[in-house]
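If you're matching them up, the sequences are chains P and Y in order. For the first sequence, my numbering begins at 3 and goes up steadily by one. For the second sequence, my numbering begins at 2 and goes up steadily by one.
It is possible that some hints are incorrect.
[As the list claims (entries may be wrong)] A few chain Y positions that, by computed beta-carbon distances, are all more than 10 Å from chain P:
hint : residue
1    : ASN54
2    : GLY56
3    : GLY135
4    : PRO138
5    : ARG178
[To be verified] Reference listing, derived: stretches of chain Y covered by chain P, where coverage requires no fewer than 3 residues with Cβ under 8 Å from a Cβ of chain P:
hint : region
6    : 71-84
7    : 89-101
8    : 146-160
9    : 191-198
The hints are simulated quantities; they were obtained by calculation from the structure and are not laboratory data. Don't be surprised by glycine CBs; every beta carbon is placed ideally from N, CA and C.
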Amino acid sequence: MDFLIQLVTDPLGFWSSHTLLISQIAINSILASSMFVVLYSGQLSLAAPGFMAIGAYTAVLMDIYLHTPLALNIATGTVLAGIVGIVVGLPVLRLRGVFLAIATIGFIEALSLGVILNLPITGEGLGLKNANADPLGGINLVLVSLVVIVFLLWRLTKGRLGYAWTAIRQDELAALSQGIDVPRYKLIAFVLSAVLAGYAGGLESHLNFFVDPNEYGVPRTVQVLTFAVLGGSGNVVGPVVGALFITTLPYVFQQAGDYIGIVSGVILIAVIIFRPQGIVGRGGFAFVRPRWWPTARASAPSTG
Amino acid sequence: MGQQILNAIFIGSIYALFAVGYTLVFGVLDILNLAHSAVFMLGAAVTYTLVVNHGQSFWLACALAIVVAALMGLVIEYVCLRPLRRRRAPPIAALVSTIGLALIIVAAIEQGRPGTLFAWLWVDGANSVSLPGGSFPNPTWNVAGLTLEGSKLAVIPISIALMLLLGYVMRFTQVGRGLRAVAENPRAARLMGIDVDRMIALTLVISSALGGLAGILFGVALGDISPYIGRDSVEVRGLAVIVLGGMGSIPGAVLGGYLLGFIEVLAVVVLGSNVRAGVAFAALFLMLVLRPQGFFGAQLRERL
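Chain P on its own, in the form it takes in the complex (with noise of 0.2 Å):
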């Protein structure tokens, strides 16, 4: 509670005692726009940390090796989990679900624990150090990226790729008769959260004297998910707030001290039950949704 009073009587001092936390926010807020973005489209792409990964691996080596500009590695970074994006994209796009979501999770374990494990140039278990990381000076950086994010995709989803995206997540088969270029449409959503996710890697490198490669891994994609999931994915504002709310839930509980693991696990699990559709608006999960799972329609459309 000492947080949230400290955050109303002395913002001030908020903010210098707490850039850390308020950058972190930030990162995650950009992650879970990048789940976002899938989300909207209708896939369940976990695909975030690998992108991430790539993002930061990359900014890092080229400040190492090439002292190039900050501005130039995180573009670099960016590029590359782009590319990579639509490699990855490509074939996995055709699945639907639970099984992108199981594919894009072997991508990124095969990934983290195959590749960068392996490599000599990555440090292997050992991870990175980042000499030149600049943990306060970054926050300016990294809110102005979020806002000028969350504004594009929010114009994003009011425009012709937005509508594209909603009609495949309602349902794909109307929106391919509807001649809207399915595939298309989803390769562009997949390419964005990767871009999205690598930027979130590049700008947190820069805050981090340390790469850990164990940062990318599994429990990273489900806490971003759960960011989106908990915040409601029905527009952009949702996962910023499922990022903001869980990011603060331990300094908020800072009594719980040691049980704040327990918590956190039964807070989670009474916003589930009472903002089903997360704590913003209406979820859209139609694309998941079981075709005999009970909806507030007559009919049910049958997603398959």
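Let chain P serve as the given structure and place chain Y on it in line with the hints.
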């Protein structure tokens, strides 16, 4: 080589037993029960605590641990799943509530130290422990250069017998027919006079009992009992197994379990232990891209 094959069959049996419970819930409910790996861990932890801290006999401890796991199945149903079904939530919401429960179970064990709230449940905190040598029967033989440990050997017939029993129940008994009817179409099943909620509760009980037993076998035979064995050893691999075998297919999960055991052991022999997990997930990724329906999932509609 013989020893390696034996290891593959042993670890494959554990994977299969764990995955059968996973796939049973998915087949009936179309939900991934992410608390399953926590129940796996709880089975092992309860057995250890009863034997070491409460001085019970090994067999009684095992029986009680299976009962606890089965009760946990009821908790999953009544706390995480039924309220969401009542509120017509999208199935992906169940992902968050089961993650929440898994978080609670793992945190409760993790915090268990002498003098804390959960000291009666666990006193070793985050450490990995093993049952003391004399506390369970473990005859060891040396045959033709192979070391045969009774505790590992026993895993194989126990798993196979239980999976055959489950197959028999599903195929030939009234309960099994009811479960398959619910999996096929809950609305029609309800019209036929089947108590759908009770069938779902029963599914969770069977699934969790099998998961808990898999945990006991794993913890006892490998001598590795910690709050993290579920998350680290079987959670993602269990997903891989049920995908390899075709989602919701019990024979598929059994075959997938043994296949993953062999792939992993083969990867260790051929490529060294570093890339073991990476290879398994690369195989999973390829499998999904090339044959998304799994081995037995050709007719996705026909489950269990």
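Unsatisfied constraints (hint numbers, rising):
8, 9
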